Amino acid sequence: QIMPTTKTDMFLPFIVLALWGAILANLTCLQQTDLKSLIAYSSVSHMGLVVAAIMIQTPWGLSGAMTLMIAHGFTSSALFCLANTTYERTHTRILILTRGFHNILPMATTWWLLTNLMNIAIPPTMNFTSELLIMSALFSWCPTTIILLGLSMLITASYSLHMFLSTQMGPTLLNNQTEPTHSREHLLMTLHIIPLMMISMKPELIM
30 QIMPTTKTDM FLPFIVLALW GAILANLTCL QQTDLKSLIA YSSVSHMGLV VAAIMIQTPW
90 GLSGAMTLMI AHGFTSSALF CLANTTYERT HTRILILTRG FHNILPMATT WWLLTNLMNI
150 AIPPTMNFTS ELLIMSALFS WCPTTIILLG LSMLITASYS LHMFLSTQMG PTLLNNQTEP
210 THSREHLLMT LHIIPLMMIS MKPELIM
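Take the sequence shown: its letters are residues 30 to 236, numbered as in the numbering used here.
Just so you know, these hints were derived from the structure itself, not from any lab.
In this text, all values refer to a predicted model and were calculated from it rather than measured experimentally.
The beta carbon of each residue, even a glycine, is placed where N, CA and C say it ideally should be.
Be aware that one or more of the hints could be misleading.
The list that follows gives simulated cross-link-like pairs (lysine to any residue, SDA-like), each with its CA atoms no further than 25 Å apart [unchecked claim]:
1) Lys65 to Met182
2) Lys65 to Thr139
3) Lys231 to Met164
4) Lys231 to His191
5) Lys231 to Met95
6) Lys65 to Ile151
7) Lys65 to Arg128
8) Lys65 to Ser106
9) Lys65 to Thr119
10) Lys65 to Leu53
11) Lys65 to Gly102
12) Lys231 to Ser106
13) Lys65 to Phe157
14) Lys231 to Trp89
15) Lys65 to Phe109
16) Lys65 to Met136
17) Lys65 to Ile222
18) Lys231 to Thr119
19) Lys65 to Lys231
20) Lys231 to Pro152
21) Lys65 to Thr207
22) Lys65 to Leu220
23) Lys231 to Arg118
24) Lys65 to Glu208
25) Lys65 to Arg118
26) Lys231 to Met98
For each label pair, taking beta carbons as the anchor points, the in silico distance ranges come out as [claimed, not checked]:
27) Lys65 to Ser212: 18 to 26 Å
28) Ser106 to His191: 15 to 23 Å
29) Val45 to Arg213: 43 to 51 Å
30) His215 to Phe43: 35 to 43 Å
31) Glu208 to Glu233: 23 to 31 Å
32) Leu59 to Asn132: 48 to 56 Å
33) Val45 to Glu117: 21 to 29 Å
34) Thr62 to Asn132: 20 to 28 Å
Take the sequences, apply the hints, and build the full model.
So, in structure tokens, the structure goes:
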């Protein structure tokens, strides 16, 4: 513990607000019809976890907060790149109008799946490591926080799967000829995924 317990107890209202804010931001993600708005609100929800982890001032909490900021920086940026790839071909960000891409751009669908799985924080990704550190730190500080944290993670998984299914599955609504994915788009995604994988396998790179 970096700060005395009496000091961190003063931060209790902020920790509760941060976790509750993360849940509300996640619920807002489920209501979004605009793809970029959904990704933006997902960043708000993840930063709620970061604030809560920083407030308890433990080494695990601070390590988890720093790791999550780096991991989400890559993941969120990758999601925005994919959203732009979709927008360049559909000229719309409405989820229901961008569906059916798994038949047209199968490689882009693979990138969408990988990035959404990272956003959900599945092992052995860096996102999983960071959320595990934050969860352990918060649970050690106050076991009750696991309820809010667990609910937040459950809704994160829900909106990530919703985003993937809405943009990739179902019949396509595009009538015009769609351009195939370009090498620059694959390069962009590779430059997002490889650093995440490297840091996941060797956390000493950022510690």
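Consistency of the hints with the structure:
no.: 1; hint: Lys65 to Met182; verdict: holds, 20 Å
no.: 2; hint: Lys65 to Thr139; verdict: holds, 19 Å
no.: 3; hint: Lys231 to Met164; verdict: holds, 21 Å
no.: 4; hint: Lys231 to His191; verdict: violated, 31 Å
no.: 5; hint: Lys231 to Met95; verdict: holds, 15 Å
no.: 6; hint: Lys65 to Ile151; verdict: holds, 23 Å
no.: 7; hint: Lys65 to Arg128; verdict: holds, 15 Å
no.: 8; hint: Lys65 to Ser106; verdict: holds, 11 Å
no.: 9; hint: Lys65 to Thr119; verdict: holds, 14 Å
no.: 10; hint: Lys65 to Leu53; verdict: holds, 18 Å
no.: 11; hint: Lys65 to Gly102; verdict: holds, 15 Å
no.: 12; hint: Lys231 to Ser106; verdict: holds, 21 Å
no.: 13; hint: Lys65 to Phe157; verdict: holds, 23 Å
no.: 14; hint: Lys231 to Trp89; verdict: holds, 17 Å
no.: 15; hint: Lys65 to Phe109; verdict: holds, 7 Å
no.: 16; hint: Lys65 to Met136; verdict: holds, 21 Å
no.: 17; hint: Lys65 to Ile222; verdict: holds, 20 Å
no.: 18; hint: Lys231 to Thr119; verdict: violated, 39 Å
no.: 19; hint: Lys65 to Lys231; verdict: violated, 31 Å
no.: 20; hint: Lys231 to Pro152; verdict: holds, 14 Å
no.: 21; hint: Lys65 to Thr207; verdict: holds, 21 Å
no.: 22; hint: Lys65 to Leu220; verdict: holds, 21 Å
no.: 23; hint: Lys231 to Arg118; verdict: violated, 37 Å
no.: 24; hint: Lys65 to Glu208; verdict: holds, 21 Å
no.: 25; hint: Lys65 to Arg118; verdict: holds, 15 Å
no.: 26; hint: Lys231 to Met98; verdict: holds, 17 Å
no.: 27; hint: Lys65 to Ser212: 18 to 26 Å; verdict: holds, 24 Å
no.: 28; hint: Ser106 to His191: 15 to 23 Å; verdict: holds, 21 Å
no.: 29; hint: Val45 to Arg213: 43 to 51 Å; verdict: holds, 44 Å
no.: 30; hint: His215 to Phe43: 35 to 43 Å; verdict: holds, 42 Å
no.: 31; hint: Glu208 to Glu233: 23 to 31 Å; verdict: violated, 41 Å
no.: 32; hint: Leu59 to Asn132: 48 to 56 Å; verdict: violated, 26 Å
no.: 33; hint: Val45 to Glu117: 21 to 29 Å; verdict: violated, 42 Å
no.: 34; hint: Thr62 to Asn132: 20 to 28 Å; verdict: holds, 22 Å
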